[in-house]
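Colleague: Modelling step: build the complete structure from the supplied sequences, incorporating the hints.
Protein sequences appear in the order of chains L and H. Here this note's numbering is used: the first residue of the first sequence is 1143, the next is one more, and so on. Here this note's numbering is used: the first residue of the second sequence is 1143, the next is one more, and so on.
Read the hints as simulated data drawn from the structure, not as lab findings. Backbone N, C-alpha and C define an ideal beta-carbon position, used for all residues, glycine too. There may be inaccurate statements among the hints.
Simulated restraints, written as ranges between beta carbons of each label pair [unchecked claim]:
{"no.": "1", "chain 1": "L", "residue 1": "D1381", "chain 2": "H", "residue 2": "E1651", "range": "28 to 36 angstroms"}
{"no.": "2", "chain 1": "H", "residue 1": "E1331", "chain 2": "L", "residue 2": "R1563", "range": "46 to 54 angstroms"}
{"no.": "3", "chain 1": "H", "residue 1": "L1232", "chain 2": "L", "residue 2": "P1249", "range": "36 to 44 angstroms"}
{"no.": "4", "chain 1": "L", "residue 1": "P1249", "chain 2": "H", "residue 2": "R1398", "range": "42 to 50 angstroms"}
{"no.": "5", "chain 1": "L", "residue 1": "P1470", "chain 2": "H", "residue 2": "Q1659", "range": "45 to 53 angstroms"}
{"no.": "6", "chain 1": "H", "residue 1": "E1651", "chain 2": "L", "residue 2": "R1563", "range": "44 to 52 angstroms"}
{"no.": "7", "chain 1": "L", "residue 1": "R1334", "chain 2": "H", "residue 2": "L1232", "range": "27 to 35 angstroms"}
{"no.": "8", "chain 1": "L", "residue 1": "S1553", "chain 2": "H", "residue 2": "E1661", "range": "31 to 39 angstroms"}
{"no.": "9", "chain 1": "L", "residue 1": "A1340", "chain 2": "H", "residue 2": "R1398", "range": "53 to 61 angstroms"}
Covered by chain H, per the in silico footprint, the following chain L stretches (three or more residues, Cβ under 8 angstroms) [what the hints assert, rightly or not]:
{"no.": "10", "stretch": "1305-1315"}
{"no.": "11", "stretch": "1351-1365"}
{"no.": "12", "stretch": "1504-1513"}
{"no.": "13", "stretch": "1585-1597"}
There are 2 protein chains.
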Amino acid sequence: MATKTKPSILVLSLLIIIINIFSSRPSLASEPSNSPSSSSSSSSRWAPRFLGRFSQPPNHSHRHQQQQQKYRYETRYFSQRLDHFSFSELPNFPQRYLISTEHWAGPQRRGPIFFYCGNEGDIAWFAANTGFVWEIAPRFGAMVVFPEHRYYGESMPYGSRDEAYKNATTLSYLTAEQALADFAVLIRELKRNLSAEACPVVLFGGSYGGMLAAWMRLKYPHVAVGALASSAPILQFEDIVPPETFYDIVSNTFKRESTSCFNTIKESWDVITSEGQKNDGLLQLTKTFRLCGTLKSTEDLRNWLDSAYSYLAMVNYPYSSEFMMPLPGHPIREVCRKMDGSPTGSSILERIFEGVSIYYNYSGSVDCFQLDDDPHGLDGWNWQACTEMVMPMSSSRDVSMFPTYDYNFSSFQDECWKDFRVIPRPRWITTVFGGHDIKTALKKFGSNIIFSNGLLDPWSGGGVLQNVSETIVALVTKEGAHHIDLRASTSEDPDWLLEQRAIEIKLIEGWISNYYQEEKAIFNM
Amino acid sequence: MATKTKPSILVLSLLIIIINIFSSRPSLASEPSNSPSSSSSSSSRWAPRFLGRFSQPPNHSHRHQQQQQKYRYETRYFSQRLDHFSFSELPNFPQRYLISTEHWAGPQRRGPIFFYCGNEGDIAWFAANTGFVWEIAPRFGAMVVFPEHRYYGESMPYGSRDEAYKNATTLSYLTAEQALADFAVLIRELKRNLSAEACPVVLFGGSYGGMLAAWMRLKYPHVAVGALASSAPILQFEDIVPPETFYDIVSNTFKRESTSCFNTIKESWDVITSEGQKNDGLLQLTKTFRLCGTLKSTEDLRNWLDSAYSYLAMVNYPYSSEFMMPLPGHPIREVCRKMDGSPTGSSILERIFEGVSIYYNYSGSVDCFQLDDDPHGLDGWNWQACTEMVMPMSSSRDVSMFPTYDYNFSSFQDECWKDFRVIPRPRWITTVFGGHDIKTALKKFGSNIIFSNGLLDPWSGGGVLQNVSETIVALVTKEGAHHIDLRASTSEDPDWLLEQRAIEIKLIEGWISNYYQEEKAIFNM
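Modeller: Here it is as structure tokens:
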């Protein structure tokens, strides 16, 4: 229940800014089951995202400042080629990277380099939220490097975000392969400058960054000795896993906590739709959900709810966290407790509101909620989703608590053309990185990759959940959520998490000591 | 000795065309040791090439027609993206490929696909000169595909060769990574169209094509089950092998046949230089070497000779061949026999002329020799050498029979800028494909690659000459020359060559049957 203590104006306006930023619509693979004709809706193409605009937290936010102090590093910039794969005359851009050599054993002792593959957001935010790397670096004598992904944070081509995001031409170099090449070039330059050529590199990454880490290990095996790819859905492409996977997992994660909660949500969509069709229905919904502005369509509301449920499943951590929003531990349990525990006679929508308030207003300080009014703004991940990162998403009739929706590539393509004037390439990722029949491909190829996944995380459905070989290992935790293993340790970490991290450390130690031994063997030859 | 029988006018003019085409200057890493000041010479950047303009034989030549009849295939075209790694709006181009399903066991029986990685030239010419693939396809029930490399032969972006080669902007997509992506996309599309998704692909390639085959296997392990990379100098980059390697091997190959021959060549460069400084010296040289036009500088002559020696070492096959020029078996032996066997009292230059006549005029039908007068023409390989394929080449003081020359990147770079307005990236190939410390990188990574090399071939110095793992195998033949194993069998094939090919067939059979077994195991899971 929201506390009513009035916060200071400063804190209040700050919170409103954060809500505005964080409430951006990430996910809308859902259409109401009773309105198939609206399938051309402008939002039907939105697949769930890894991150909302959380990935770009305000630079001056209180939270960000605090986190920047948490780990010590230097901020540097590296002049990077815009297109590694052609010789077009294009301007270089400054790639930001955070670096700490505080605990590095140095080149003589071949101290390792821990390299986090920056993903779709401000790298300082990822650095602040990837405590695992910082915490284990000292025991390895490792240097820590957090490079920013091109077109995010401060790493903008063409001089500014506005110029970089101007149109399809300026955005055209925002691709995963270019980002991997950035990393490879940066690693080689760092090594050269620090005389660290013989120092083994270990890659880390979570979510899209985990995909990058795994792909980096596959495509540039000479650059790194291994990769910890946490919650990396590298199989969420084309027809590799069923498109219903994501929403099925979100739904099951709710059902697991409470069948009645699951049912409330499942029933709510039609209620919202029919409510919206009444006279003054939108106004009524605006009141029920305490929205700041009058609701323009029920779709906006459905998106806002869908988004909350999906993210809740991702950050369903066993302890309180602030990764996406300030949340209690086991947040879905809390959401369902609220929904189920509403006073007898509460309507479905009142229950829903009580539930999602846990997500959008756990601090209790929000007076009204601002729905994102610009879900189609030029956003980096939207571009990536409209070009390479085409992850088909459906909502199944039987398992899902979301409105039934069948993925439709053709309408997805139309909307990408409308938004960006770009044509998606749905088969490219599987061509360049593989994915089909991954076991056969990787069994004798590739080594030293940890694919870690928590089964509560809806992205786990697109992850590698079985060992591929002796050195391509799947670590699956039943109670884990989205890349929980990469987070800083807490006093509340459950045993399975401690154990998981211990295994990861052991495997990484193995990669590094193997590397030293092989180098020695070759040196002695 | 050239026979004096007068050939018909048709044949003569044809031969002159061929000589014009074939005499193009491939190699000029050499400067006269006594003129260091001339190091800014416009030709100092020319590293030896795999092929001269041989790679573009006249389409209507008699030879070509004959060869096209030799192996049956269909010619098709595939609409290919110009830039796979960005979403720039660029026109597609038609990639030519030759295909034969004559012996294919078909999709049901999962007949293999033999895929030759087209290199820097007309694909029909490579198909005609890669008899091994055609000869073994029937026993494997394999489909045969020869795709052409972008920017060569008929596979021209922007509608025509002139447009494609107009400037650095139009040429900028002529890179190895783009070519590999072409291959990957083409394979997936072929498989889809032929319902051949489950058919294993085996890659073949010689020389630069061998590099592509090896890199393809490394970068796209999910696309092919193995690669035969013949004479692929993937280590000829940066500082991996000493830059003297190439010319040292050419020199040793001559020395091995005859020390006096080696010495004659080694002494000849100064003689040419001092001869050229005399009054009427260039005229005298023109006569001695029976040049069609008066020699403009001794450098042109030196280039012409250097080129002959380098190519002779590459095609030093044990039987007569027409790969680059019509030549006898063991051509270097013949050259040296001529040089050493010249009448007593013959001058050094007379001996040299007798020797190189074996290379440039074995048929004896050439009346005068035309030196290439446009070594800086916009040529695909020159572009590649000026961008990614930066292979440092020096000529050593002690071992080499060529003028001493120290590789100088800075002057190389200047000339690339002059010729193409492009800046070479000498560290890129080793960044994207690796090369340093290849054993450590590949030992636990990669599988099913045959690196075959003949030690007479000067490119073998940049090849992988030792087994890397159980499945990354080096096949080294003492008497082999440039990708001899890929050539059609002949009645004169020596035992070691028969044996080498038998091993290759056995290894390829192993890859394919392993693939079938693994697929079966997964299918039964």
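Colleague: Evaluate each hint against the coordinates.
Modeller: Cross-check of the supplied hints:
no.: 1; hint: L/D1381 <-> H/E1651: 28 to 36 angstroms; result: 32 angstroms, holds
no.: 2; hint: H/E1331 <-> L/R1563: 46 to 54 angstroms; result: 25 angstroms, violated
no.: 3; hint: H/L1232 <-> L/P1249: 36 to 44 angstroms; result: 43 angstroms, holds
no.: 4; hint: L/P1249 <-> H/R1398: 42 to 50 angstroms; result: 43 angstroms, holds
no.: 5; hint: L/P1470 <-> H/Q1659: 45 to 53 angstroms; result: 52 angstroms, holds
no.: 6; hint: H/E1651 <-> L/R1563: 44 to 52 angstroms; result: 50 angstroms, holds
no.: 7; hint: L/R1334 <-> H/L1232: 27 to 35 angstroms; result: 33 angstroms, holds
no.: 8; hint: L/S1553 <-> H/E1661: 31 to 39 angstroms; result: 36 angstroms, holds
no.: 9; hint: L/A1340 <-> H/R1398: 53 to 61 angstroms; result: 38 angstroms, violated
no.: 10; hint: 1305-1315; result: holds (count 5)
no.: 11; hint: 1351-1365; result: holds (count 6)
no.: 12; hint: 1504-1513; result: violated (count 0)
no.: 13; hint: 1585-1597; result: holds (count 6)
The structure fails hints 2, 9 and 12 (numbered hints given earlier, in ascending order).
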